[in-house]
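Peer 1: Could you put together the complete structure from these sequences and hints?
Protein sequences, first through last, are from chains V and W. Here the first sequence stands for residues 0 to 296, numbered as in numbering that gives the first Met the number 0. Here the second sequence stands for residues 0 to 352, numbered as in numbering that gives the first Met the number 0.
Don't take each hint at face value.
[Said to hold, decoys possible] Derived lysine to aspartate or glutamate pairs resembling EDC-like cross-links, with alpha carbons at most 16 Å apart: (1) K110(W) / E62(W); (2) K309(W) / D254(V); (3) K300(W) / D254(V); (4) K130(W) / E58(W).
Hints in this document: simulated from the structure, not taken from any laboratory.
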Amino acid sequence: MEDLQSRNRSLNKWLPYILVVPSMLYYILFWLRPVLTSLIRSFTGVEGGLTLQNYKLALSDPLFREGFINTAVIAGVSVTIEFVVALMLALLINRKFKGSGVLLFIAMIPMALPPVAVGAIWQTGLTTNGWVNSLLIHLGLITESGKIYFMTAEGWKRLLLIILIDAWQVIPSVMIILLAGLQNFPKEMKEAGYVFGGNAFTVLRKITLPILKPTIVTAVVLRLISAIQIWLIVVMIYGFNRVPTLMERVVYYGDQVSSLPNSFQLASTNSIIVAIIVSSAALIYLKVSRNSESKEV
Amino acid sequence: MPVNRSVKKLIQKTTFLILIATILFFILTPIFFLTSLSFLSSREAYQFPLPILPSLKSEFVAEKSEKGYLISIYEPSTGEYESILDTNKFEKMSTYFRRELSIYTSPEKLKEILSQLDNGDIEKVHFTMRKSLWHNYKTFFKVTGNAKAALIRSIQTALVTILISLTLGGMAGYAFARFSFKGKEQLRFGILFVRMFPAVTIALPMVILLAKYGFYDRPVGLSLVYSVGSIGLTAWITASIFMGIGIELEEAAQVFGANKLQTFFKITLPLAFPGLAASSMYAFIGAWNDTVSALILTQSKPTFAVVVYKALIGSTGKINLTAAGALTMAFPAVVFTLFIRKYINQMWGGVKV
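Peer 2: Structure (structure tokens):
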């Protein structure tokens, strides 16, 4: 027994490092190295040498500015809508009614769909002769002359359409994370809230939400990270350059016009900007939610 | 008073049911239409309004004309026959039937049917033909040329990604679950930070790196990029799975003389297996669904996601064909997600950022 324990002790000292080192090496080789290369590339001119020109070029592009605003609006509005709706749905499904399992099953389909398939669903749906207009006609809500022209929508309507499509796919996955949190939730706490005279709303605000907070933080951070990187749906529905987003610019330079002498640099520059925005948004959110937590305690 | 309460309950119940029905409507309608669209013939797909359900067969009427034969198709939406062809070339008819109506019929067969008109006894001949429902799926693979090879490449990429991330991520996850060691928290946070970075930031410079090692434009190269994201996720999930398996079992095995390695492979791994399989599905879906890295890291050998994307983005493709491609793409991802749903709670319940 003694012998086994001492053997284990010496093993336990170095074993965790052996287990972790392969992943670390992998990250150094295939994450750190490319990220540094991207960073250096973003500061490299077409003829070599360090320069800020790529950043100047990227930032002065009017489509970049538009893309920045679009991305901020889409991320802000869609994360809010998705969170509120997903929370309501999670609270609903958590009541464990007859058929809630089936509903959960169905709700998982949109989140499982590849973005390309989601793009296909809405691209074929939103064209003037697409299924959305067809459905409205079959339901008798519009006549053939009253067809809605989604694709030529302008300004905020275009963004709203993107936000709704994004929400369609994402709400289920946010809901599932929240639901997982709700199911690990001590029921007695809620009952105690009602016993002490709270109504449904105060119980939600004072008991459910604070306990659910770690899960909420997880869900919102994950959503924020992917919402800032929105591009595929935008491009599949409107094409390049029509509704620019930060990520759309990266793909535009990285894939669409990759033959320009400086397109690679511009793609790298844009991708670094996206990376900075994504990680700082996530870190700020984490920091703010941690701070408010420590204040409460 | 009790009447009042039962009325209130009824209202509550009705509101609840309406809510559930609305949710189902919004989730299922788009999926239903994509599916229906993938089974429509080209002719149906370019009608307005689109039929809700694809037809299974079509009725025709043919008569003699100056050019040869005038063929009309029965239109269920209007209840009338519409002329579609006026020719004496059976080869051309057969092609039209296949392309526009998804009906596979040989020129000989058409000749046989239409020859009834030739001796002048009858004026019109009615006939019905079955539609091939899988026409769009077959055609998508045929016209995009590289779709089949792309599908195989997508599967290869996903499998290699699972292999890398389960091996490396599983090892790290085990370390997180069983040991406390210096730098553990920093590592866990580091993994999160890596995931925050958009895949493109890595994909762009990887073009050069992979080209140097001959992995550019190959499934392995893509797997290397996808694994960066999925190793961390796998480590997180597997850590919570290993934590769920009591350390007592491992200790008991060691008391009976098994060494660490034997304990792991004989006790822990079999117990963790279902959870590990589920977490590997996340790696699968991540690799399967990605478009952006695949766009940048492949040239002549795209993945299936890229093929579907390009078929739609060019908008030269027919929408019913693209729907078939998109559904082919969606099918495995949906099946796997439904398979892992048992583990969702285990995965997300314990996660704290």
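Peer 1: Give a verdict on every hint.
Peer 2: Going through the hints against the structure:
For the hint pairing K110(W) with E62(W), the CA-to-CA distance comes to about 13 Å; that is within 16 Å, so the pair holds. Distance hint between K309(W) and D254(V) is fulfilled; the C-alpha atoms sit about 12 Å from each other, no more than 16 Å. For the hint pairing K300(W) with D254(V), the CA-to-CA distance comes to about 15 Å; that is within 16 Å, so the pair holds. A threshold of 16 Å between alpha carbons decides the hint, and for K130(W) with E58(W) the separation of about 11 Å falls inside it, so the pair holds.
Checked against the numbered hints given earlier, this structure breaks none of them.
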